[in-house]
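Trainee: Since chain A is already given, all that's left is putting chains B and C on it; use the hints.
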Amino acid sequence: MKVLRRSPGGSAGAALVLSVLIFGLLGPLLSPYDPTGIDVAQRFAAPSWLHPFGTDQLGRDLATRLAYATRLALGLASGTVALALLGGVGLGAGTAFAAPRLAQIVLIGFDVLAAFPSLILALAIIAALGRGIDRLVPIIAASLLPHFGRIARAQALGLRSAAFVEAERALGASTGRILVMHILPNMLGPLVVLASLDLPVVVTLEAGLSFLGLGVTPPLASLGTMLSEGFANLIRSPAPLLAAGAVLVAMTLGFSLLGEALRDGLDPRLRSLS
Amino acid sequence: MSLLTLDGVSLDYIGGGRAVRALDDVALTLERGRILGLVGESGSGKSSLALAIMGLLPPRANLTGRLRLDGIDLTAAPDLRGRRLAMVFQDPMSALNPVFTLGRQLADAQRARWPERPYRDRLARAAAMLRRTGIAEPERRLESYPHQLSGGLRQRVLIAMALLCEPDLLIADEPVTALDVTIAAQIMALFEELRDGLAGSMIFVSHSLALVSRLCDEVAVLYAGKLVEIAPTAALFAAPRHPYTRALIACEIDAGGGALPTIPGTVPSFGGPVPSCVFAARCPMRAESCAQAAPRLRDLGGGHRAACHFA
Amino acid sequence: MSTLLEAEGVTIGFGRLIAVADASLTVAAGETLGLVGESGSGKSTLARALIGLLPLRAGRVLIEGEAIAGLDRAGRKRLRRRAQIVLQDAAASLSPRFTVAALLAEPLRIHGLPADRLAPLVERLGLSDLGSRYPHELSGGQAKRVALARALALAPRLLVADEPTAGLDVSVQGEVLNLLADLPDRPALLLVSHDLSVVRRVADRVAVLYLGRIVETGPADALFGAPAHPYSAALIAAAPVIDPERRRPRPELAGEPPSPFAPPPGCAFHPRCPRAADPCRRSRPEPAPVGPARLAACHFPLTVSEPP
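Protein chains in written order, with the working numbering: chain A, 599 to 872; chain B, 222 to 532; chain C, -3 to 304.
It is worth saying that the hints were derived from the structure and are not from the lab. Incorrect hints may appear among the rest.
[To be verified] Ranges of calculated distance between the beta carbons of each label pair, as one might list FRET restraints: (1) P336/B / P260/C: 44 to 50 angstroms; (2) A722/A / G163/C: 52 to 58 angstroms; (3) S365/B / E282/C: 33 to 39 angstroms; (4) E358/B / R74/C: 53 to 59 angstroms; (5) D274/C / G254/B: 46 to 52 angstroms.
None of these values were measured; they are calculated from a predicted model. Glycine included, every Cβ here is placed at the ideal spot set by N, Cα and C.
With the rest of the complex left out, here is chain A:
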């Protein structure tokens, strides 16, 4: 079902995602350097065999720092999206079967969360609770949750009146069984695609917060902090900024292309069968 990467965009996206994954997962394991290892003598070294991307303003190996930053971004993004998916699907599908009053309350909750631009919401919560990765994940998940929740609800509502659901009910299946075994599996396809499209959003959000200095704390490597440091030292060397930027673009572009190809692949597949 997922092997519909006949589109060139999808293949490109898949390739980018794969590269980023390998970079982020294997990089930290294979690198001989410590991402926080300061070596001032080596600052702003040009790309060389020793340092494939060069070094930053404190002499730290850029490649290593990027790998760690990528890993961080990937982990953060998948964790956040997973959390939002779980919460969104659970609540959204639940409203399709719950009592109308309860459903209304949940939906209003969705609207409230969705009303805040995610960046502003994040800033507000950081202001209240301080910074740190553990704070970031629930914050961003919360801002994504209504998105998944609404779509999950629409899907569940549509499926609720499907003939096979009526048939299962007629056989005596409980609502819980119907939800878990019959409704959820038929919803997941589109949702997975959406999640893939939302991953770059989270990555960008994290990068943005870190760029503003409100994300991860240094000396932890983050794409955002590397961007801001690179920006500050642009005159000395463009390498740090370019490298961090390139990785960020690769990640967001890759997931976007892949997600869109998957989404297009799901729909016309049904049409081309006729």
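Mentor: Coordinates of chains B and C only, in the frame set by chain A:
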């Protein structure tokens, strides 16, 4: 010259690198003033044939063969729809544009044929045609919107729309299948009434032998894209010559007891020209020759033709 | 014959819409009752309510002497084992991501029954080779048989077949009908259909519905041979039959079915009825006997020996 001539008509749908043969070497003629019934089950190709004649096939359809209306080559995409060709579709609920009044749509339908005629004249003609198709208070109806009408009424409107351009050939594709039994009976009675005043010809596509038996002058039976039998109505039902036709008639549910006959198996689907008899796999009279050569439509006299080695 | 199902004064409504009004009927064990009518007649709605899938606004239904209303959760589950349904669109009634094998095992799993019940059913319905297929890979007839097997797996005493031949080619309709005429364990069958030939063939008794009310009931042969209610007569006359010589008179029931939101006063059929007279406009006829085991709700029923 016959009004409609089909010769060697074949149709393939191309998709995903594969081809599906919807029609294989279909040949038939239709004279003026006659009603032809096109009968078949799912996968027979009857709807595809109707669309092919109308020129409404999708781009991925590959049509070969000769189709001529009054000598005009239909495959050359002459602009005959709304002038000499008209069609009534199966689903009356979705065939009308919901945002325009009936009057507007009926007047619009005449523009292909008479682009110069003033709107008021076209509306008047529309009202007269609505009356002819059994709709009471037609002037008032012209101002209604489609959603205000029931299925039966809408189908009458669609029939009126098709007849307004005075087509030489009217094709009705399962026009009563979506309607209730008593309303369908009304529409069939309407067709029977109209046929007497009908200048042109009609093709009535249906899966129902019963409907076709009453209305049509001749019946053509399609199976898996092949024309297997064609005959004047009385002759077809009195003495069907093709095993499939016989089996189909036998499957009509009557009040008798015992097990109902069925045709075991499923309709086959082909990717190209068929080298054997399309019905062989399910035929009670199947023999060696059936798998080796595709039977041609043989003339059995009296306008009766069947494609069977043993007809 | 013992009475399996008893319905009295059943009324079913959805908001402002009354789908079925004051319907009463009985079904004996092992018999086949045909529910006949056109769209808007309420036949599908009534059938579903009779087996407890829809709530009743008024009236009561007893299955094997037990009321189906007011049951607790366990009671409702037990009811599902006694009364089952095969839906009109069989392929759509099968969960798309389940294999046929899983779909067949589902009812047994839901009720905690042993799986050995399945084997004889699978055999009998010719489903042995279909176990690993998915619903979208089945033909119309195959899907119908799978749906039927699922309903029969629970060995219900009452089975509803909702338009069993809908969507099936003529050449395979016989498959389903032959199966329904010879069901294992002989449950009572509630056959909902607009196709009179189907009902005539399979049903023992028939109930004709118009705009949510039962207008006539009686033994199938008697009713089809000599209908008492003018609507039944019109339905029978309108049913398509192979007739190349055009022997049958052109049936013509004029007019359109009324809107269920605005039923005509008195007898709902009177605007279209060829026999309508003053009393028909003023008062609604109650079902009254018109022959042995026959009821018709009409002020001027056709006498059972009179041609319609």
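Trainee: Tell me the numbers of any earlier hints that the structure contravenes, in ascending order.
Mentor: none
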